[in-house]
Amino acid sequence: MMVPPPLPLDENQRLESLLTLKILDTLPEERFDRVTQCALRLFNVPVSFISLIDSERQWFKSRQGLSISEIPRSISFCGYTINHHDLFVIPDALQDPRFSDNPLVIGEPFIRFYAGCPLTGTDKHFIGSLAIMDHIPREMKPDDLVFLRNLAYWAQNELTLGEVNRSLAESNHLLKMIVDAEPECINLISANGTVRKINPAGLEMIEADHPDQILGKSIFSIITPKDRSGFKALIEAVFRGESEKLECDIIGFKGTRRSLEILAVPFRDSKDEIIALLAVIRDITERKRNEETIRYLAYYDSLTLLPNRTLFHDRLKQAVLASLRLQKPLALLIMDLNRFKEINDTLGHHKGDLVLKEVGERLRQVVRESDTVARLGGDEFAILLPSLEDNEYAALVAQKILNVLQAPFILDGLAFEVGTSIGIAVCPDHAEEVNRLIQRADVAMYAAKGASMGFVFYSPEQDKHTAHRLALFGDLRYGIEHDELKLHYQPKIDYKTRQINGLEALVRWEHRFRGLVLPDQFISFAEETGLINPLTEWVLNEVLHQSFIWHHMGIEVPIAINLSARNFQNEAFLALVEGLLFKWDVEPRLLGLEITETAIMQDPAQALEILKKLNAMGIKLSIDDFGTGYSSLSYLRKLPVNEIKIDKTFVKDMTTNEDDSVIVRSIIDLGHNLNLKVVAEGVEDHHTWVCLETFHCDMAQGFFMTVPVSAQEITPRLREPSWNFMKGSPESKTSL
Numbered sequence: 179m180m181v182p183p184p185l186p187l188d189e190n191q192r193l194e195s196l197l198t199l200k201i202l203d204t205l206p207e208e209r210f211d212r213v214t215q216c217a218l219r220l221f222n223v224p225v226s227f228i229s230l231i232d233s234e235r236q237w238f239k240s241r242q243g244l245s246i247s248e249i250p251r252s253i254s255f256c257g258y259t260i261n262h263h264d265l266f267v268i269p270d271a272l273q274d275p276r277f278s279d280n281p282l283v284i285g286e287p288f289i290r291f292y293a294g295c296p297l298t299g300t301d302k303h304f305i306g307s308l309a310i311m312d313h314i315p316r317e318m319k320p321d322d323l324v325f326l327r328n329l330a331y332w333a334q335n336e337l338t339l340g341e342v343n344r345s346l347a348e349s350n351h352l353l354k355m356i357v358d359a360e361p362e363c364i365n366l367i368s369a370n371g372t373v374r375k376i377n378p379a380g381l382e383m384i385e386a387d388h389p390d391q392i393l394g395k396s397i398f399s400i401i402t403p404k405d406r407s408g409f410k411a412l413i414e415a416v417f418r419g420e421s422e423k424l425e426c427d428i429i430g431f432k433g434t435r436r437s438l439e440i441l442a443v444p445f446r447d448s449k450d451e452i453i454a455l456l457a458v459i460r461d462i463t464e465r466k467r468n469e470e471t472i473r474y475l476a477y478y479d480s481l482t483l484l485p486n487r488t489l490f491h492d493r494l495k496q497a498v499l500a501s502l503r504l505q506k507p508l509a510l511l512i513m514d515l516n517r518f519k520e521i522n523d524t525l526g527h528h529k530g531d532l533v534l535k536e537v538g539e540r541l542r543q544v545v546r547e548s549d550t551v552a553r554l555g556g557d558e559f560a561i562l563l564p565s566l567e568d569n570e571y572a573a574l575v576a577q578k579i580l581n582v583l584q585a586p587f588i589l590d591g592l593a594f595e596v597g598t599s600i601g602i603a604v605c606p607d608h609a610e611e612v613n614r615l616i617q618r619a620d621v622a623m624y625a626a627k628g629a630s631m632g633f634v635f636y637s638p639e640q641d642k643h644t645a646h647r648l649a650l651f652g653d654l655r656y657g658i659e660h661d662e663l664k665l666h667y668q669p670k671i672d673y674k675t676r677q678i679n680g681l682e683a684l685v686r687w688e689h690r691f692r693g694l695v696l697p698d699q700f701i702s703f704a705e706e707t708g709l710i711n712p713l714t715e716w717v718l719n720e721v722l723h724q725s726f727i728w729h730h731m732g733i734e735v736p737i738a739i740n741l742s743a744r745n746f747q748n749e750a751f752l753a754l755v756e757g758l759l760f761k762w763d764v765e766p767r768l769l770g771l772e773i774t775e776t777a778i779m780q781d782p783a784q785a786l787e788i789l790k791k792l793n794a795m796g797i798k799l800s801i802d803d804f805g806t807g808y809s810s811l812s813y814l815r816k817l818p819v820n821e822i823k824i825d826k827t828f829v830k831d832m833t834t835n836e837d838d839s840v841i842v843r844s845i846i847d848l849g850h851n852l853n854l855k856v857v858a859e860g861v862e863d864h865h866t867w868v869c870l871e872t873f874h875c876d877m878a879q880g881f882f883m884t885v886p887v888s889a890q891e892i893t894p895r896l897r898e899p900s901w902n903f904m905k906g907s908p909e910s911k912t913s914l
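In this note's numbering, the protein residues as written are 179 to 914.
Just so you know, the hints here were simulated from the structure itself, not pulled from any lab data. Where hints are given, some of them may not hold.
As the list claims (entries may be wrong) - The list that follows gives simulated cross-link-like pairs (lysine-lysine, DSBU-like), each with its CA atoms no further than 30 Å apart:
1. Lys578 with Lys495
2. Lys506 with Lys495
3. Lys302 with Lys319
4. Lys816 with Lys826
5. Lys826 with Lys529
6. Lys395 with Lys449
To be verified - What follows is a set of in silico ranges between Cβ atoms, one per label pair, in the way DEER data are often shown:
7. Asp427 with Ile588: 41 to 51 Å
8. Leu754 with Lys506: 27 to 37 Å
9. His723 with Asp781: 22 to 32 Å
10. Asp781 with Ser702: 12 to 22 Å
11. Gly430 with Pro250: 44 to 54 Å
12. Asn222 with His388: 20 to 30 Å
As the structure is a computational prediction, the values presented were derived from the model and not from experiment. Glycine included, C-beta positions come from ideal geometry on N, C-alpha and C.
Let the sequences and hints guide you as you build the complete structure.
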């Protein structure tokens, strides 16, 4: 229960001292705003203010990041601050019984962190405070405490103004100390770009051994040519009185290239005239490098370095439009490898990866520069041949592919043959729409495989193969309606606690005639046919039912399920989730929903709207298979998600493949920079587990801990204080 701040023993004298200053309810003043702006930049917080406490209220003389001008004293944090003779710091207000139900904590402005230093009047009675706040918990380092006291002393001088010259001199000295101690670069720059002042951090950033190397010289000498016009526009805007932000690159005096983020504001003299540009500059080189890595992952396969499905689909879409406009046919070849599974099963996935890389290299050799070779996933490849004169070139390329793949692949001294089946569809002869063209090339590939032919062009007669799909549709619908589906659970283990942080529910199909059918064999089919919506409803109902059972056993553990893009297109999905939560009386925080980057990007606007509503319900949201299809980091920042899951294709070889290791580390760093938890999927051995721990990954999931198991098998493990890895050793990998 919230406790109002107690009254100081000198309350009457304190109020007299406050009234003597004659400052309450006066207009904002730049001299106070300079202090709060400096606090904002120095501590990298969203809110800073100077406030005064009278008998009934806390009134803000200067505020940054707040829209209100006063609040009742009974709910103020600063009411406690004036009872302290030193700093008053609350690392996490939700964990402090004095503030956990404070309306400023549970509502706007959602205070989690607070640090305030008391301010006194001329007779040393405490009348107010300088304070900083944040929306997330944080700790104050010893240096931070010193800087906040110094800023409070500066604010104190502005309040009392008894000895103006002395106060001004001390303020300037304190400002210099703060600027010199600031870990980011601070510059004063003239209208023509001449550097007038720079702090020690700035000298280090530009690799200057002495201030004379840059003072009095043009800032443009270190800015890269491509960014000079942008910086010139920034200077012009600031000297018009505007605040501006810019990202640009520089080349330091020792040749190092850095990416910088610049916040520039006008610097005014005593007559309020702009005499310089004040720039606070942050080094964002590492962030840019991480963003480049993620951008690359969005469009290229990390194993073969070929375009991935996302980039290929985009190129195919553009090529189809050009084909129809220019009346020049194009050919789409889709192929997969024969006997590839034998190599994986015999020699392991690492050797299989070597084959895929070699296949990619051989395919590049048989196409033109204008053609595109892509890896769609697994052992499936696609080739786009635009601007054809006739179909003969497509047949020629297909034959070349068969020829280059006839040469054996040498692995561990043994020769392996890897054949292929190729399906060819031509635009506009076979289809004028991208998805239809892909579908028909796929049909042709299966026709080639069934006829044991190297390559086959699509023909309508091949669509008789859809009879099998029709039968599968009926079987799957029957399986959903008659409980042939089963759920298995795989835990996510927290690195810090070694405890189960949550479970992922994975569906299995026990077909009445065919036995166990794995997800890879029916999930994509369910998405194509629309059965994914009733399938998701079944999974969601079973998960919440199981959560209800565990709750009554005294077990509370979040359970996540996988969503499809089709679920986001289902208008009834939100109502379904809400209704099933109510039906089983399960708290939303115990339900997690995982959706892939690719699914989100099919309709980003709609995905964002639905995710916001799910987040508002209290459901935990994750981006699954992160790094395999994302196309906009700026969009990622908008998503109300709690965690990202690194795709297992990057994790499984990270201990032997430096590229995968860099990718995994970059994703972890990016996730933490965005305040997201990071889960690694596909952890299969102790070495990978340890490596991820050194990268500060938050959680791991995979065979090293356990294969997915039934609710009955996982229940005893949920009661254990920490995960016993010996119990979790995989006995078989066939269950996945």
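Evaluation of the provided hints:
no. : hint                           : in the structure
1   : Lys578 with Lys495             : holds, 25 Å
2   : Lys506 with Lys495             : holds, 14 Å
3   : Lys302 with Lys319             : holds, 27 Å
4   : Lys816 with Lys826             : holds, 25 Å
5   : Lys826 with Lys529             : holds, 17 Å
6   : Lys395 with Lys449             : holds, 26 Å
7   : Asp427 with Ile588: 41 to 51 Å : holds, 45 Å
8   : Leu754 with Lys506: 27 to 37 Å : violated, 47 Å
9   : His723 with Asp781: 22 to 32 Å : holds, 31 Å
10  : Asp781 with Ser702: 12 to 22 Å : holds, 19 Å
11  : Gly430 with Pro250: 44 to 54 Å : holds, 52 Å
12  : Asn222 with His388: 20 to 30 Å : holds, 29 Å
Of the numbered hints given earlier, the model fails hint 8 alone.
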